[in-house]
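Trainee: Produce the complete structure using the sequences and hints provided.
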Amino acid sequence: MDVMSAAPVIEQLSREAGISTAAALFDKTPPHPVDPVLSPLFRRGGLPRGELVTVTGELSLSCGLATVAAATREQKWCAGIGLDEPSVSSIADLGVDLDHFVNLATPGEDWLRVASILIESFDIILVDPGFAPSASERARLLAKIRERRMSLISLRPLSGSTEQIEITDTRWSGAEHGRGRLQSCLVRARSQTGTHRFLLPGPSGTPTSVPAGTLEVVAGGDSAGTFAEASDISDTAVEAAGVPAEDAGAADDPRWSTITALRQVISHVG
Amino acid sequence: MSDEPGRILVLTVPDWPAVAAAVEHDIAPGRPVAVLHAGKVIAANASARAAGITAGNNKRAVGYRCPEAHVALWDEEADNRHFSAGVGALEDLVARFTLLSPGTLAIPLDSLRHGYADEADAVETLVSALVDDTGWEFFPGIADTVFAAVLAAGQARRVEPGQTVDFLSAQPITTLEYAGAEATALIEVFLQLGLRALGDFARLAAKDVNARFGAFGRHLHDLASGREGAPLTDHVRGEQLDVELDLDTPTTRSDPLGFLARQLGADLLAKVRRQGLVCTQITIELDAAAGQSSSRTWRIEDMQENAIADRLRWQAEGWLAGVSTGAENSEPRQNPGSRHNSGSGRSTRPGHAPLSAQADPQALDIVDEPAPDAEDFAEDGIIALRLIAAELTTPIGATRSLFDENTGQITHTLERLQGLFGPDAVLVPGLQGGWDPAETNLWTPWQQAAVPERSPAAPWPGALHAPRPTTVEHSAVDVLAADGSSVEARPSGLEAAPATIRFPTGQTETITDYSGSWPIESGWWDPSRAVYRTRLQVVTDAGRALLLSKEHGQWYLTGRYR
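Sequences listed follow chains E and C, in order.
Heads up: the first sequence is residues 1 to 270, going by the working numbering.
Heads up: the second sequence is residues 1 to 562, going by the working numbering.
Check each hint, because a few of them may be wrong.
[Said to hold, decoys possible] Straight-line C-alpha distance at most 25 Å; calculated SDA-like pairs for lysine to any residue:
no., chain 1, residue 1, chain 2, residue 2
1, E, K144, C, R416
2, C, K59, C, A181
3, E, K144, C, Q418
4, E, K144, C, Q409
5, E, K144, C, T411
6, E, K144, C, G419
7, C, K271, C, N306
8, E, K144, C, L420
[Stated by the list, open to error] Example chain E residues on the side facing chain C (calculated, C-beta under 8 Å, incomplete):
no., residue
9, F42
10, I91
11, A105
12, V114
13, E120
14, W256
[Said to hold, decoys possible] Which stretches of chain E does chain C cover? Using the computed rule of at least three CB atoms under 8 Å from a CB of chain C, they are:
no., region
15, 60–71
16, 84–90
17, 95–104
18, 165–174
19, 177–187
20, 197–209
Worth flagging that the hints you see were computed from the coordinates, not collected in a lab.
For every residue, glycine included, the Cβ atom is placed at its ideal position computed from N, Cα and C.
Mentor: Here is the structure:
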């Protein structure tokens, strides 16, 4: 079957009716609520259940934690895998309910095993995967996510995701070359719904919408140095959202590529 | 006996911190004792007061007025410990009582109605029993509310039934300090408003107080006008329930330990059940033949001997493995939080970890393991097991909340992961005191009691404000100025503008923006706790924001905004 021909149809279905997988046709589950600042990033205004979402780029961990915050405050349990040692104060600043968050300090090689156990009872899993799963592992993972109606957020590109949020640009402000301290960061994020700009973290630590009239330096190329008005929060002129390449953005992590390559070799031998 | 249902008897030991200090330091009665906190006298016993020492004096003033006085530093833990040990006699005399604070306890008088002829008789019997048992002086006070009874106890008087409001209205407004440290600021405001007595304050309309001073002001208003707040929680009988087993031959194998622990756990639970109580937390202590010991407290939702045996096995395996490989610190990636929890687990060691331990690379090794020699330890193994019921409650208090979703399943899943990857692999977040996120982090293994090392209530001047880094780490980096020399930090600021940062991997990034540096100087009065640190936030050309700190002449990467 030609995957490329199915993609636009799926895209259209999910845009119009909020149906992103075949299962969703039969049983439409409302998404988990997210912070109002972040909700325009998602096609259905919230974190979809039964689906895999990727959040990539600089500040992806902050964005992932901010996404789960509203759900944890509604007694949904969230687990983090492979996040090193997160700082509790920032988790609390981003609005996550500490009583419903658990961090798994398990080796990166075991993320899939840990995730498959957690899927049974957790509502949201936030994972920085230690390696790319093989096609069959991925299919089983996705089937299980769908069956349990839980949300998995990956901080690396994984194929099979239904929504991809990529933070393309970050601009910290407040440091003032030695005269201040970091206050907030203006991020530009690209998702299926277009390009969005917001402050993450804002001055209080939580995501905040961009104050009207903020000027932004347009990055890159010939237009560097010109100013654009910030009112066009979601310019929908984005390229058709294709599935990102499996290893994009992961090339800089030698551990990731080593484990992934090793597992491929082992699976061939076995 | 009065028919008033809400009558409360409060017994208080005057100058309790001074009495506790005398017990703690074994000081002969009659010798003057003064207790200092934050440089000021907070309590002095009668003979010290006779010599002219009053609360608020500093140490020099004490020495000047009464050179022979014993000056002790305030020890909150000793205060609590001696008091709860001392009131043991009461457990046999009254059915219900509450420890309000060290030195003060409350007894609802209706619980004494059947045993004694009247209030005076009850008070006399209880006070003489307590005085015979402890040798301390107790002041009784009786009133209709707890707050009024505490004030009455300070004056050793009985307020007639129904007279409580009149009694309260004559008391000075400063007595509201009873409500805690937050009240101090409000008392100041009340004094400025000309409200000198509780009666003046109580005459204000409750809704005006609520509008102007919020919920806390409302609470103070309730106290002042003699309205009772939440009922007191009863003191649970403080008997220590524990079981012990000495092994004939030391063992390092966890299966026989688990087997023994199951029997031992069943014994303990039977003992707890006989008291009509339920155990929700258990402390497991293991003794090694060479004299080391490991102690951890576990919270188990569904307390059974099998669950206890699992915990004991995990604890023994983790301890023995940690000792024989010494690997605990070499892989911080796999064990975030373990170094923050050194207080709660591993091996007991005297004293406390130094405050700066987190930031000090040398101290890291000390914090976790005073590891015995691996070989003799492995030969000898564990020689004794001890299980202590760490938290006892009544059966109704142990039932789960009705409103939490699927906690049972969550517990089951997490326990399974703990079984597979060890108890330290599943961590729940908590906060403690500290300046930087690395210090405020308190990751505790699932179902273990969190043991904060630093008080979150204490002030931490210079603590980092939001936005805070999302992950913490601790690796040495070089921060270079434009000319390639290392950037020096002074309390007044940086010597040069930082231009480049070099990571331990050798990779470098250009610094595009940096914050002002802000120093922490703390504990300079005590060399073992002194902290001199300068923090700096930088943004690199990769768009990455980092938190750096400089200590002992070395820059460290302490947090990443990810």
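Trainee: For every hint, state whether the structure bears it out.
Mentor: Now for the hints, and whether the structure bears them out:
no. : hint            : verdict
1   : E:K144 x C:R416 : holds, 19 Å
2   : C:K59 x C:A181  : holds, 23 Å
3   : E:K144 x C:Q418 : holds, 22 Å
4   : E:K144 x C:Q409 : holds, 17 Å
5   : E:K144 x C:T411 : holds, 20 Å
6   : E:K144 x C:G419 : holds, 23 Å
7   : C:K271 x C:N306 : holds, 16 Å
8   : E:K144 x C:L420 : holds, 21 Å
9   : F42             : violated, 21 Å
10  : I91             : holds, 6 Å
11  : A105            : holds, 5 Å
12  : V114            : holds, 7 Å
13  : E120            : holds, 6 Å
14  : W256            : violated, 14 Å
15  : 60–71           : holds (count 4)
16  : 84–90           : holds (count 7)
17  : 95–104          : holds (count 5)
18  : 165–174         : holds (count 5)
19  : 177–187         : holds (count 9)
20  : 197–209         : holds (count 5)
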